[in-house]
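So the protein sequences, as listed, match chains A and B.
Residue 180 in the working numbering sits at position 180 of the first sequence; the count goes up by one each step and never skips.
Residue 19 in the working numbering sits at position 19 of the second sequence; the count goes up by one each step and never skips.
Quick caveat, the hints were computed from the structure, so don't treat them as lab data.
For clarity, every value in this text was computed on a predicted model and none was experimentally measured.
Cβ atoms here follow ideal geometry from the backbone N, Cα and C, with glycine treated the same way.
Please note that a few of the clues may not be correct.
[As the list claims (entries may be wrong)] Quick list of simulated restraints, FRET-style, between CB atoms:
no. : chain 1 : residue 1 : chain 2 : residue 2 : range
1   : B       : Gly272    : A       : Phe269    : 29 to 39 Å
2   : A       : Lys238    : B       : Asp234    : 39 to 49 Å
3   : B       : Lys261    : A       : Met235    : 22 to 32 Å
4   : A       : Gln253    : B       : Gln51     : 54 to 64 Å
[As the list claims (entries may be wrong)] Here are the computed lysine to any residue pairs in the SDA-like style, where the Cα-Cα straight-line distance is at most 20 Å:
no. : chain 1 : residue 1 : chain 2 : residue 2
5   : B       : Lys78     : A       : Gly118
6   : A       : Lys261    : B       : Ile175
7   : A       : Lys78     : B       : Asp126
8   : A       : Lys150    : B       : Lys150
9   : B       : Lys78     : A       : Lys150
10  : A       : Lys150    : B       : Ile171
11  : B       : Lys150    : A       : Ile175
12  : A       : Lys78     : B       : Glu128
13  : A       : Lys78     : B       : Glu129
14  : B       : Lys227    : A       : Asn198
15  : A       : Lys150    : B       : Glu128
16  : A       : Lys59     : A       : Asn49
17  : B       : Lys78     : A       : Asn49
18  : B       : Lys227    : B       : Lys150
19  : A       : Lys261    : B       : Asn116
20  : B       : Lys150    : A       : Gly118
21  : A       : Lys150    : B       : Lys261
22  : B       : Lys78     : A       : Val70
23  : B       : Lys150    : A       : Lys59
24  : A       : Lys36     : A       : Val87
25  : B       : Lys150    : A       : Trp10
26  : A       : Lys36     : A       : Pro73
27  : A       : Lys150    : B       : Lys227
28  : A       : Lys13     : A       : Gly118
29  : B       : Lys227    : A       : Pro199
30  : A       : Lys78     : B       : Lys150
Number of protein chains: 2
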Amino acid sequence: MPGGTLQPFWGQKTFCVLTGGSQGIGRRFAIEFGRKFGKESVLLLLARNAQGLQETRAKVLEANPDITVVCIPTDLAKGGAELFRSVIINGLGEAKAAPGDFQLAFIVHNAGSLGNVGPGVAEMNDSEEWSEFLTLNITSTAVLNSEFLKVFPENSVPNRTVINITSLCAIQPFISMGQYCVSKAAREMFFKVLAEENPSLDVLSYSPGPVDTDMTVSIINNTRDAKARQIFIDMKEKKTIVTCEQTTERVMQVLSNKKYKSGQRVDYFDEGY
Amino acid sequence: MPGGTLQPFWGQKTFCVLTGGSQGIGRRFAIEFGRKFGKESVLLLLARNAQGLQETRAKVLEANPDITVVCIPTDLAKGGAELFRSVIINGLGEAKAAPGDFQLAFIVHNAGSLGNVGPGVAEMNDSEEWSEFLTLNITSTAVLNSEFLKVFPENSVPNRTVINITSLCAIQPFISMGQYCVSKAAREMFFKVLAEENPSLDVLSYSPGPVDTDMTVSIINNTRDAKARQIFIDMKEKKTIVTCEQTTERVMQVLSNKKYKSGQRVDYFDEGY
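Next comes chain A alone, as it looks inside the complex (with noise of 0.2 Å):
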């Protein structure tokens, strides 16, 4: 808005949970973000992995050791509104902070997986395997989303923003990729009926492009699809496969740009935002 009075994003001081942050992308997320945090922000990081969170930990406070970094280890899983409830009220408590004391209260959903990715949906006939996939990458994001929306309810701060880490593959069928499609379709159509329902939050979901990680490798190793195999080799080769500090420095420039519409999708290689 010209003229108007464009809070920055970064600087705030943040009370943020950030799902996956024990490797690529989150771990990057976690240092940048926490890098750019106004002081006694508070750094929540959740994921199965206790020594990749704390490993996260140490890079995000030698970024900026202004801040608090407290690593929750737990399966997302698993996780019920009372675990995220309590896990979220514990790391306020362990900055001694209320939520009325953080100028923005931020959520980035960035933990996933990328499902059964040797078969095509019409072989996958094994319902338990289903549903953990659709508990982990949709039942999860959604109650621990509900539980941060509740310790930090309309007009507790002064900005709230949620993020959902999604993918091409939430808008294009890709062979091979059934689960993680179906997944990351759910969830961008979850966060565009949240924004819908609550014009006072801010929400994007951030299609990082494709990025090298641990999935990237996973996706090679698995696909019966032979050219999205060669295409993901060629990228690595030719280095034009995205890389997690690029992508995360995208999504930064993303968030304090703000000119996307809560709800909106925003990948790597749009322009104008």
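We have chain A already, so just place chain B on it with the hints.
Relative to chain A, chain B alone:
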């Protein structure tokens, strides 16, 4: 294909599985589809409501006494691969038929629940509720579909057609209908991937428009969104709401004209199909 020998969709000896056939659109589909099936076709009706299924069956046989209609009262959310497979195999058994006896293998994924319509997605923090909803609307669809295609693999019959009953909610967020939107978005993506992975299949996501069913009544009674409620009330009063008969006729034309690309979504109001 001009000049080609396009097989008419209706009138073939068909093996059809239809979910949610005890009421509403599903019942109308059963009757009108059944009326057009060739001699010795088999229609397998799955739904929870046993009495509703029997009533549907009687109406189908009235419309076409030359086919076999098998009712399977079952809670799809509780079914797994084994149950679904045995249901299909038993259906073949009752008709003393083998998969290869048919010209068309046809599955209609019509069952689906509206989910929780009262609260917004930010308030829905019940993991059990989310999981049950996703199991019924996504997992059971995926697993039943897989078992159907195992009984009718590529080249087992000349034509294999899969319909997913979708909604405007699959592509547009609606206040107070978050779970429904999420499930419909997820299902549409599932069937897009299925089409991409299986070029020999014919896959259609059909959106029946705002149809006058119990589901509409439930939206009117439960939605928090006054605007949406009023739109439905107005449509009912002015009789501009789509009837089960109208939408059934439309989807039958769409299947017959076959102008959609496999995996595509076609809405009741879309022209040119």
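Status of the hints after comparison with the structure:
1. B:Gly272 - A:Phe269: 29 to 39 Å: 31 Å, holds
2. A:Lys238 - B:Asp234: 39 to 49 Å: 57 Å, violated
3. B:Lys261 - A:Met235: 22 to 32 Å: 28 Å, holds
4. A:Gln253 - B:Gln51: 54 to 64 Å: 60 Å, holds
5. B:Lys78 - A:Gly118: 26 Å, violated
6. A:Lys261 - B:Ile175: Measuring from Cα to Cα gives roughly 17 Å; hence the hint holds.
7. A:Lys78 - B:Asp126: The given pair, whose Cα atoms are some 13 Å apart, holds under the 20 Å limit.
8. A:Lys150 - B:Lys150: Cα-Cα ~46 Å, so violated.
9. B:Lys78 - A:Lys150: Given that 20 Å is the threshold and the Cα spacing comes to 32 Å, the pair is violated.
10. A:Lys150 - B:Ile171: 28 Å, violated
11. B:Lys150 - A:Ile175: The hint holds at about 19 Å.
12. A:Lys78 - B:Glu128: 11 Å, holds
13. A:Lys78 - B:Glu129: Distance of about 14 Å is within 20 Å: holds.
14. B:Lys227 - A:Asn198: 16 Å, holds
15. A:Lys150 - B:Glu128: 19 Å, holds
16. A:Lys59 - A:Asn49: Distance of about 16 Å is within 20 Å: holds.
17. B:Lys78 - A:Asn49: 33 Å, violated
18. B:Lys227 - B:Lys150: 45 Å, violated
19. A:Lys261 - B:Asn116: 26 Å, violated
20. B:Lys150 - A:Gly118: 17 Å, holds
21. A:Lys150 - B:Lys261: Since the Cα atoms of A:Lys150 and B:Lys261 sit roughly 44 Å apart, the hinted pair is violated (cutoff 20 Å).
22. B:Lys78 - A:Val70: It is violated: about 40 Å lies between the C-alpha atoms, which goes past 20 Å.
23. B:Lys150 - A:Lys59: 50 Å, violated
24. A:Lys36 - A:Val87: Outside the cut-off at roughly 23 Å; violated.
25. B:Lys150 - A:Trp10: Roughly 53 Å separates the two Cα atoms, so the pair is violated.
26. A:Lys36 - A:Pro73: 24 Å, violated
27. A:Lys150 - B:Lys227: Violated, because 26 Å separates the two Cα atoms, which is more than 20 Å.
28. A:Lys13 - A:Gly118: 44 Å, violated
29. B:Lys227 - A:Pro199: Satisfied, since the Cα-Cα distance of roughly 16 Å is no more than 20 Å.
30. A:Lys78 - B:Lys150: 32 Å, violated
In this structure, the hints that do not hold are numbers 2, 5, 8, 9, 10, 17, 18, 19, 21, 22, 23, 24, 25, 26, 27, 28, 30, in rising order.
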